[in-house]
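Participant: Fit chains B, C and D to the known structure of chain A by using the hints.
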Amino acid sequence: MIDKFVPSMAAAMEGIGDSATVLLGGFADVGIPRALLAGLVDTGAHDLTIVAVAGGREGSANERLLSLGRVRKLICTFVRPASIAARLFQRGELELEIIPQGTLAERLRAAGAGIPAFYTPTGADTLLAEGRETREINGRLCLLEYPLRGDVALLEAWRADRWGNLVYREAQQNFNPVMAMAADLAIAQTYHTAELGELEPNVIDTPGVFVQRVLHVPEGEIHG
Amino acid sequence: MIDKFVPSMAAAMEGIGDSATVLLGGFADVGIPRALLAGLVDTGAHDLTIVAVAGGREGSANERLLSLGRVRKLICTFVRPASIAARLFQRGELELEIIPQGTLAERLRAAGAGIPAFYTPTGADTLLAEGRETREINGRLCLLEYPLRGDVALLEAWRADRWGNLVYREAQQNFNPVMAMAADLAIAQTYHTAELGELEPNVIDTPGVFVQRVLHVPEGEIHG
Amino acid sequence: MAELAIKPLGREAMAERVARDIPEGWLVNLGIGIPTLIADFVPEDREVLFHSENGIIGMGKAPPKEQINPFLINASSQHVTLRQGGSYIHHADSFAIARGGHLDLCVLGAFEVSDSGDIANWARSADEPVKQVGGAMDLAIGTKRLWVVMEHTTKEGAPRLVQRCSYPLTAKRVVKRVYTNLAVLDVEPRGFVVRDMLPGLSFEALQAHTDARLHQA
Amino acid sequence: MAELAIKPLGREAMAERVARDIPEGWLVNLGIGIPTLIADFVPEDREVLFHSENGIIGMGKAPPKEQINPFLINASSQHVTLRQGGSYIHHADSFAIARGGHLDLCVLGAFEVSDSGDIANWARSADEPVKQVGGAMDLAIGTKRLWVVMEHTTKEGAPRLVQRCSYPLTAKRVVKRVYTNLAVLDVEPRGFVVRDMLPGLSFEALQAHTDARLHQA
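Protein chains in written order, with the numbering used here: chain A, 1 to 224; chain B, 225 to 448; chain C, 449 to 665; chain D, 666 to 882.
So that you can see chain A by itself, here it is in the shape it has in the complex:
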């Protein structure tokens, strides 16, 4: 019997090593796998590469990872000037790769969909294109972009079953579905569990084939 539920945070984090590339779902406060992030802090893993929409918000577990010096490189779409990420970068203690948000989503999707490279006009006319390979396609300058894969993805879902099928609510999905596809080991925390078959086939957002582990973290148990 396939059972992707893991009984503990330790089991959820098993095998995540130093230097891992970790894809971190969520946008602003929504869809962030807070408990798993706190679990990642507790593993002590360091030299991590974190891929997320932004540098960690004040008081977040991602900020804590950064402030503990566990992150070697942050790939994201913006960093607030007053944030820890910005300070670490300015002190030379953090590598930063800032990329457009659509390009981030598409590079993750390319990793999940087996696209070895693609072109996009996004950013081609900007500073971000400096030193990069470009090509004019139909009269439009384009940048060549490569897939962005993760060793691990940390995700948040609303409901999940033992096959790893995930359902999100409202704007909770954001980066979670593409990150699930783009990682070797996709780990989801879920507010609620469901029996196999309880999640309707046309309601499942992320098919379980993209998810390797599920941890049940009931609502309200973890903030932070």
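Please keep in mind that the hints were generated in silico from the structure rather than gathered at the bench.
Note that CB positions come from ideal geometry on N, CA and C, so glycine has one too.
Among the hints, erroneous ones may be present.
[Claimed, not checked] Simulated restraints on C-beta separations:
1) 512/C x 417/B: 31 to 37 Å
2) 524/C x 131/A: 49 to 55 Å
3) 494/C x 197/A: 40 to 46 Å
4) 3/A x 794/D: 48 to 54 Å
5) 3/A x 705/D: 21 to 27 Å
6) 443/B x 791/D: 41 to 47 Å
Facilitator: Quick look at chains B, C and D alone, frame taken from chain A:
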């Protein structure tokens, strides 16, 4: 008030001209917009380019389009040797472009997602790569592929509302969602209509922003 | 630069002015800042669909405090609602909408716009230590129409409608129209064309506050 | 070529032999022909997830005639069912699964397989007037493991396990294992390695029916 429902087949077909590129949803017998195809035959439009998973099945409206000589070019993933498409091609009366099925889906998706080109290993080591641009990426030979856009997409859905939101059932969606994204004018026939708000946000498969016209064709009205 | 004899529009009035020009049926993305205010000035019975990068189609107005849904925010992290007929998508599909030409309109704020339609709105200098790119570049290249809403000049009175942007570009040759607190200007092949001005403002006075050459409609 | 003293496996027996080697939890795509039969030999309580290119994850067995759902077919156009826990996706997502390395296994039929793992399964000649590509090339390059199930020789007795494919290739260096009606062979850097043979069949007799050089396990 946005109302994408059209009252008649004539209104559904309005403006489809000669030489149009028509994306045709469906796979085998499922998800084929039979009524719209019959309507397309009746418009008399010719010199069409048809994009579909396969050449028309025996007795299908697509086969009728082909046999009436309305199709200049067929872009698909296979053609049965005994089919009309194969005979027309061998007589020099039809252009054929046969491409891998995943590449077809991805080229449609690229058109819908604004990707000017992408690389894929699919077909790179084969006859299909002859004379084409290739590139080795991470030690793997890849083909450069371009988006496949349609002037028109003909789709079949199970339920639809006046914003053009579509819901499919079981394996009905197949190519329909990516073709909706890839066409300037996406026209859906639907078995059932729904009031706005009746289709749950997490059940909508194709958001109405990808659909321009909806024609209500109740179950059983059209075969063929 | 000469003092203006008239009172420029405030942020709400600028948003209201843009809202007036958005017809029913359009799919619209609104950037952070003044653009976000525009939705409040589109009456509900004019069915305009608002898209938010974080995966919302058919975004509705802010909810009353007691009806806040913590899972439903827009790209500016504000609590919002979903209209009937709206739906949720993931980030890659959401940016497929933005980059794939499905937005009828995107309205962004900017530091500068050039008379060839270049927009600079993400960094004040190429040397800024940390960059805030977000989704603006994707929106700017992908939308059918890009409108910019911004003050006509900086607080110090320096022009923002320029011959050539001095700030790092977001995208080249993409802006179709600019709404400022003084005027509405189209970007045409010949440059900025004045479509509308505040009552009492002269073309010459407007030109005096503009670096690029203005054209009469 | 020498007559065989033993009776080769039939199509069902070949499918059954492959099914034995598929462990619980794998995501598996089965090509048309013999591969499609494999699902029937995987017991339901061994949870193997079958993927169909037309957008099914967790495909179940054929339904009894009176329960046929006309909207639920597999990539071979056969009526199927959905298992509890299964779901539906569109064609681009379905091939994202195939091309993105998410299939643990794909089993295809073939005309020929070379000892470097090349597969030819879509055309009998480069000059065929019409081509039947379908989804095989996508599956072949994208799956974690590609297994081939086919008769060891053609009806005329010509070998199909060859040093070099004579038919147009589907993909190069992708086949990991071949199940024939005589044997099971892994494709390793040194070439075909015989893992299993029909009882009563000698290595030499198998070699006599094979173009490529065989290796003992």
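Participant: Compare the structure with each hint and give your call.
Facilitator: Here is what the structure says about each hint:
Here the CB-CB span from residue 512/C to residue 417/B is close to 32 Å, well matched to the stated 31 to 37 Å. Evaluation of the 49 to 55 Å hint for residue 524/C and residue 131/A yields a failure: the beta carbon distance comes to about 32 Å. Between residue 494/C and residue 197/A the Cβ separation comes to about 43 Å, which falls inside the hinted range of 40 to 46 Å. For the hinted restraint 48 to 54 Å between residue 3/A and residue 794/D, the CB-CB distance of approximately 52 Å keeps it satisfied.
The hinted range of 21 to 27 Å is satisfied by residue 3/A and residue 705/D, whose Cβ atoms lie roughly 25 Å apart. Checked against the hint of 41 to 47 Å, the pair residue 443/B and residue 791/D passes, with Cβ atoms roughly 45 Å apart.
Violated hint for the displayed structure: number 2, the only one.
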